[in-house]
Amino acid sequence: MSTSPTPTQSSSLNREVLRKADRRERLSLEALLLPGIALLACAILLPIGVMLYLSFVGEDGSFSFENYARLWTTPVYGEVFNITFRISLLTTIMVAAIGYPLAFILAHLPERLQNWALLFVLLPFWTPVLVRTYAWLVLLQDHGLINNGLIGLGLIKEPLELSHNVTGAIIGMVQIMLPFLVLPLFSSMKAIDQNLIAAASNLGATPARAFRDVFFPLSLPGFLAGILMVFVLCLGFYVTPAVLGGGRVIMAAMRIDATARLYTNWGAASSLGIVLLVITILLILVATYVGRRAGQGMFR
Amino acid sequence: MKWLLQPASMTQVTHLQRLWLYIITIFAIAFLVAPTLIVIPMSFSGSEFLEFPPKHFSLRWYESYFTSPAWMRATLISVNVAILSMLSATIIGTAAAYALWVGRIRFKTALWGLFALPIAIPVILLAVGSLFVFARLSLVNTTLGLTLMHTAIALPFVMIVMTSGFASYDMNQEQAARSLGATRLYAFITVTLPQIRFSIVSAMLFSFFSSFDEVVVAMFISTGSGATLNRKMFNSLRDQVDPTIAAISTCLVTVSILLIVIGQLSRSRAPR
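Just so you know, the protein sequences line up as chains A and B, in that order.
For what it's worth, the numbering used here labels the leading residue of the first sequence as 1, then goes sequentially.
For what it's worth, the numbering used here labels the leading residue of the second sequence as 1, then goes sequentially.
Simulated from the structure, these hints should not be mistaken for lab results.
C-beta: ideal position from N, C-alpha, C; glycine also.
Take these hints with a grain of salt, some might be off.
Have a look at the derived ranges for each label pair, beta carbon to beta carbon [unchecked claim]:
no., chain 1, residue 1, chain 2, residue 2, range
1, B, L19, A, T288, 12 to 22 Å
2, A, P159, B, P41, 16 to 26 Å
3, A, K190, B, R136, 43 to 53 Å
4, B, F107, A, G49, 18 to 28 Å
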């Protein structure tokens with residue numbers, strides 16, 4: 001260290017130091033991710049990995065596709081997926097039909113009223129799912145508030161069968177799913193530039209036409225992403241259809257439970273689960289893609 | 001009535017023309033809040049049967065809840081697991097969200113995909129898979145097992161909340177503190193943390209509630225004396241509907257309303 005380094009040497013030394021500091025910085029940040037990765041590895045990847053493995057183990061313990069083949073050939077499983085899809089679709093249609101007008105009006109309310117109205121959408125969101133399911137059980141029973149109300153009004157003579165069947169399951173699911181559509185749809189509607197609607201109207205469009213040709217197309221990507229998400233969440237639904245369906249509505253999640261715990265057929269349960277997972281992830285990828293297009297907007 | 005004929009928007013559509021939309025909205029909101037609010041009067045009913053409106057006023061279901069050792073034990077287990085999951089999910093999730101937000105991390109997209117997995121996977125799969133794995137590790141019916149699963153399930157929510165918290169905060173402030181000699185941890189705790197505290201509060205509320213509300217995984221990996229409140233409620237809903245559940249539900253709804261109020265307060269005070 002008797003001679004001072006030449007300028008080129010010092011800059012390369014400097015570069016070396018900077019590179020090391022950069023590396024240290026990156027490693028220390030990556031270390032912050034480790035607890036999360038370790039947790040997900042234990043609690044998510046390991047159980048799912050084990051199920052994936054079990055789904056390919058045949059009865060004799062060797063590798064086989066028999067679990068998946070059985071899903072294809074046994075009518076019971078086809079029926080389960082059929083029912084799951086139909087209930088999810090019906091629920092999603094109802095959620096869309098109620099959710100769109102609700103989000104629309106919420107987005108157009110004056111701010112003060114809007115905050116209050118949003119609280120009413122948030123309240124069910126923060127009410128435990130079991131509490132709401134229980135409340136529906138009481139409201140929908142033969143002599144519950146709804147049936148007694150309708151009889152009292154003279155609209156019906158005999159109580160309607162609203163619970164312990166598909167109707168009950170769908171009513172409960174729609175109520176639980178509604179905020180999942182309304183909250184994101186509300187914020188995407190708030191992001192629509194109101195001047196565009198004013199411009200349409202200025203150019204002679206009727207209110208209906210301004211909505212149909214300007215507002216609705218702008219809200220469509222957010223709407224589609226939202227309903228896809230609702231549909232996906234419905235596919236895996238367990239608690240509400242199990243209680244309100246009264247054991248008569250068997251959706252995929254209940255079938256997986258029964259196959260695993262009642263019949264202790266882990267291979268069959270796993271293959272059912274993996275099929276459900278693959279469908280779910282594909283639909284989520286579609287929803288993400290649609291949602292990302294929503295982010296870009298049409299006029300930007 | 002004059003109000004009905006006034007324009008409701010820039011398209012000059014009148015409130016009268018939108019009346020049908022207002023009616024749908026009112027019905028939708030009633031539909032949304034009815035189940036939450038109906039349990040409150042029900043819980044004060046003196047009758048053995050579920051009836052609405054209740055004919056006699058009584059506190060017997062509250063008594064039967066608060067004096068039942070089984071219900072109390074289940075409540076304690078749920079609260080315990082929810083607090084542990086809240087703490088671990090908030091800490092782990094904040095650390096991960098911080099690293100992904102500030103750093104030039106390798107495989108960033110893949111990592112985001114990994115951290116979003118718990119939302120994407122139907123919870124029934126996690127339940128069956130974790131039962132199979134935990135049975136072999138003697139983790140069934142343990143606080144550790146439940147906390148592990150509930151923390152993982154809450155992690156994506158914490159990360160979403162924290163990322164939007166970081167996005168609304170100027171990271172250069174932390175850089176400034178570090179360039180003045182503070183270590184990263186010290187800079188984070190003294191400079192960043194106080195400014196993102198509202199996001200931390202929401203992340204904690206979310207993760208607490210997500211654990212407390214979780215039924216399916218708890219149904220599989222907690223049984224008998226180790227059952228959570230939700231699991232016990234689910235069982236009694238399926239077997240015979242016990243009005244004690246109305247009393248428990250009212251307590252839970254009260255807690256939910258408190259959580260919303262805390263959330264709203266912390267948001268309205270949050271710097272914009």
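Outcome of the hint check:
As the Cβ distance of B:L19 to A:T288 is approximately 38 Å, the hint placing it in 12 to 22 Å is violated. Roughly 21 Å separates the CB atoms of A:P159 and B:P41, a value that falls within the hinted 16 to 26 Å. Evaluation of the 43 to 53 Å hint for A:K190 and B:R136 yields a pass: the beta carbon distance comes to about 50 Å. In this structure the hint that B:F107 and A:G49 lie 18 to 28 Å apart at CB holds, the actual value being about 19 Å.
Consistency with the previously given hints fails for number 1 only.
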